[in-house]
Every structure is written in C-alpha cells, then in structure tokens.
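When you get a sec, could you build the whole thing from the sequences and use the hints?
2 protein chains.
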Amino acid sequence: MKSFNSHLEERILEKNSNLCVGLDIAVESFPGVDPDLDFLKAHAKKVIDATGELAVAYKPNLGFFERWGSKGFEWLEETLDYIGNEHILVADAKRGDIGNTAKQYAKSVFDYFGFDAVTVNPYMGSDAIRPFISQPEKGAFILCRTSNPSAGELQDQETPSGLLYENVAQCAVQLNENDNVGLVIGATVPQEIQHIRELAPDLPFLLPGIGAQGGDLEKSMRYGNSNGIALINISRGICFAGDMSENAIRKAAENYLNQIRKFSNEF
Amino acid sequence: MKSFNSHLEERILEKNSNLCVGLDIAVESFPGVDPDLDFLKAHAKKVIDATGELAVAYKPNLGFFERWGSKGFEWLEETLDYIGNEHILVADAKRGDIGNTAKQYAKSVFDYFGFDAVTVNPYMGSDAIRPFISQPEKGAFILCRTSNPSAGELQDQETPSGLLYENVAQCAVQLNENDNVGLVIGATVPQEIQHIRELAPDLPFLLPGIGAQGGDLEKSMRYGNSNGIALINISRGICFAGDMSENAIRKAAENYLNQIRKFSNEF
Chain A
4 MKSFNSHLEE RILEKNSNLC VGLDIAVESF PGVDPDLDFL KAHAKKVIDA TGELAVAYKP
64 NLGFFERWGS KGFEWLEETL DYIGNEHILV ADAKRGDIGN TAKQYAKSVF DYFGFDAVTV
124 NPYMGSDAIR PFISQPEKGA FILCRTSNPS AGELQDQETP SGLLYENVAQ CAVQLNENDN
184 VGLVIGATVP QEIQHIRELA PDLPFLLPGI GAQGGDLEKS MRYGNSNGIA LINISRGICF
244 AGDMSENAIR KAAENYLNQI RKFSNEF
Chain B
4 MKSFNSHLEE RILEKNSNLC VGLDIAVESF PGVDPDLDFL KAHAKKVIDA TGELAVAYKP
64 NLGFFERWGS KGFEWLEETL DYIGNEHILV ADAKRGDIGN TAKQYAKSVF DYFGFDAVTV
124 NPYMGSDAIR PFISQPEKGA FILCRTSNPS AGELQDQETP SGLLYENVAQ CAVQLNENDN
184 VGLVIGATVP QEIQHIRELA PDLPFLLPGI GAQGGDLEKS MRYGNSNGIA LINISRGICF
244 AGDMSENAIR KAAENYLNQI RKFSNEF
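These protein sequences, in sequence, are chains A and B. The first sequence maps to residues 4 to 270 in my numbering. The second sequence maps to residues 4 to 270 in my numbering.
Rather than coming from a laboratory, the hints here were simulated on the basis of the structure. Please note that the accuracy of each hint is not assured.
For identical chains, the list gives no copy identity; a pair is met inside one copy or between any two copies.
When the alpha-carbon atoms are kept at most 25 Å apart in a straight line, the in silico DSS-like pairs for lysine-lysine are as follows [to be verified]:
{"#": "1", "residue 1": "K106", "residue 2": "K74"}
{"#": "2", "residue 1": "K18", "residue 2": "K5"}
{"#": "3", "residue 1": "K74", "residue 2": "K110"}
{"#": "4", "residue 1": "K44", "residue 2": "K106"}
{"#": "5", "residue 1": "K48", "residue 2": "K106"}
{"#": "6", "residue 1": "K74", "residue 2": "K44"}
Below, the structure written as structure tokens:
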C-alpha cells in the first residue's frame, strides 16, 4: 500500500488539481435564515455535487459537526459516505493529547470514520503525534505556522534553535519516517511558507486561509508547491459563494482551480 | 451567575474534595475481554455509581467517545445525563482552532453537551482560546506544562520572556478577565507546578497524571492547592482499580480522596 504522501501527490498530478474543499457548514453562514440540521446537510451535499470533479480532497472540520452532538457525527458519517472513495479525506480535527488518548483519536479518524489524514497539534510534543503516523497509508498534517491573527504569540517565539514554528518544521521532517507527515501553514503568511519550504523541502503543505481569511493563492503555490506539494484549502470562499446555488459554488471552485492550474504551470 | 472559578472553588470546599474522576473507558483497558460498547457503558455507570459521593468533578476525555463515532457521542450524552447536575463537568477535549471554528467547538461542549469547562490548547494563541471564555460561568483549562514524556520538546523551549510554558501561564493570567481561566499541569512535574503557582497565584490548576502516569499527589496538593485551588484528576487509577468491581473502584477513590484530604489539611 502506498504511503500517504505518495498517494496524495499522485492524486494531485492525476487530477491536475491541488484544490481541497473545506466543509465548514455553520448556521452562522446563512444570514437571515435559521437553518436546521437538514438544511445544512442539504447544503453540504450541494457543495459536494458542485465540486466533486474539481477538488482532489475534502476537509471537513470536525468542530462544525460536533456542534450538533451525536446527530452531528451522524451527519459527518453521511457526508463521508456521500463523498465516496475518489477523494482524499482530511479530518480537520487539530487533535493533540497524551499517547494513550491520541491512540483513541487515531482510531476515531482513521479506523472509524475512514479519513486518509488528520490535522494535529504539536504543543504536547512527538508523543502526541506518533499514534497518527504509525500506518504509512494514513497521514498527519502538523500545525506549524497557522493563519489566524494570534498565531505568532507562541509560534513566532524565538528559541535557541530558531523560531518555535521552525522547531516544529524540523521535528516534522524527523518524524516523516513513513512518508506520511505534512505541515499546516496559513496562506495568509506567504513568507513563512517560503521559509518553511526550505526547512522541509519534501513535505506536503496544507495551506488554508485563501478566501475569507485573505490568503495569497499565487504565493502559496509559488512557495508551497515544489518538491513537496501544496494542498490549497478553501472553505467559506467556495461553500458560501455568490447566491449559494450549486452553480455559484461550482463557478467559484472552477475559478479557484483555474488560478491554481495557472500558477502550477508558471512555477 | 457565579464565575466558573468561584463555582469550582465553592464546590471543592463544600464537598471537601479536590477529586476529579477522568472517564477514559477504552477497550484496551480490559485485557482478555473483547468488550463491546454496551460493556463499556455499563462500566462507566459503575464508575459513576462508585464515585459520585467522593468526586467533585468528572472529566470525560472525548477521544474515548469519538472512537465510536456517533454512537460514541450518544454514549457521552447518556453519560452526562447519568452523572446529573451535582458535579462539575470538564470536557477533556484539548481543542484549539481559529476563532470561527473555536466558536463551534464552544457551542459543542458548553451549549450542546452542557459541560462547565473544557481543556484547550494554546499553540494557536489567544484567538483560539477566547471563544471558550466569553461566558463567565463556563471555564477553560489551558494546557501549560503537560504530563507526557515528550511534553518538554516545545513547552520547555527557552524564549526571551522565559520558557514557553511560562509564557502560556502569563498569557492565561491576562486572559482571566472573567475569572474562568485555569491551567493544565502534569502531576508528573511537581517542580513546574510549584513554579507556575508563583506565576499564576489565583488560577485553578487541573492536575492529571496521578496513578497510571506516576504523578506525585502530595506535591501536587502542596504546590498546587493554595490561593488558586487544585483539581486532582485520576482516570485509570480509579476506573480500572483492582478487580474492577464497584467496590474496588470505590475503595480506590476513597483511598485517593483520603490522601487528598490529608494533604489539604497539612498545607
């Protein structure tokens, strides 16, 4: 069985698409409406119908499902069934706990839900990451330098071996024995993408923050998509595009994919 | 309505108990048995029956429930109903995400599940924490210096303003405007508990790591339980004590609580 990183790269090249669609479907994204869970489920299916041929991966963020408790996890199960087997499935879960618990989380996202990869948090060190990378065909994207305004409070702290996020990138390279470790870096901080690419030349980068968060798609592709590939995540910019019709969502995804392909050929 | 930290302290004093029982009920904890979910549910009820009068708080770790998908979240809902309203409920979730997502996680743990507090991860900075501390009656315990072997890889990094975990402690003090912020520190690192108590004199500390992880109960109480109080979490050491009968579980909890009360009176 192929390692996760090889499989991801192969699928991106086959489909000529670095586009990952983030499924962050919240009540708050429908102003003036008071949507129930069935409404949100229908919208999620609409997004998948509109983008299935364009996206190489989907990234449901578990927070948006957990918010509905057990019914929300049923929705996540239905959503993954609906997507099927042709896409890379990334659980945006940002989990991080002691080894004993991390094993349970790994069973949840990989064995129970069937995701191919998961986002994980490095604050507790490598113990908290290893249970997610013990199977080569399953991958983990480690939070490195994130896209949110307060990201730098800890991540940019200077340490004797460089900035904190640089330590994380170096640690990720060391943990990549099974060719299944990647990094999460915000598309909002392109200089950091460029810098981290030097530290981790071969790792895949998951780059969120394009669209609602104002990230830079051109630089994300320029700096991120080299030896290691870039998986460009767009959530709100696709899921809630225009009048939120299937057509508007497809057009938004096509527009982003066209830009990605253009930049992919240029660099 | 009382702030979370006041409420927690009041309940600890009323009940003369700093004992928090961690509900980490896993298949792997029953060697030689192949337990199904109903078996685990029955065991969780047994733990609650045995410890209800002794514990001031329960701390279900969400990983152990998520491992069963939507059925696991139904189990969590049933478990919280079974515990009722007389205990402090801490969601050990270690969540941390951008503000937009953190809001969804806060809705999950507080509004949907009805927890009183949650554990959160500081790697993404204060943005990722604020949505959990906007309601004074709901609290957040921020991971500071954790109990696992690799905890120090990032947390002990030197920065211009002290070790990384010291930065987190100082940040937590600043975030405590609503008297609802606490810290997670491993009972396995008592010197750090003592040191962090100096940095954050008034914050409650959630101290896991007694029992299976080998933490030091005496020093946890000595250094942790002063102005700000210590909530002593024990999971495996109680849930799987002796022959795992209700009696064995109760005896283990009584034994821990007697030690806690002894140290509480000494210091």
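Comparing the hints with the structure gives:
| no. | hint | in the structure |
| --- | --- | --- |
| 1 | K106 <-> K74 | both (24 Å within a copy, 18 Å between copies) |
| 2 | K18 <-> K5 | within (17 Å within a copy, 56 Å between copies) |
| 3 | K74 <-> K110 | both (20 Å within a copy, 14 Å between copies) |
| 4 | K44 <-> K106 | between (30 Å within a copy, 20 Å between copies) |
| 5 | K48 <-> K106 | between (31 Å within a copy, 23 Å between copies) |
| 6 | K74 <-> K44 | both (11 Å within a copy, 19 Å between copies) |
When the structure is compared with the earlier hints, no violation turns up for any of them.
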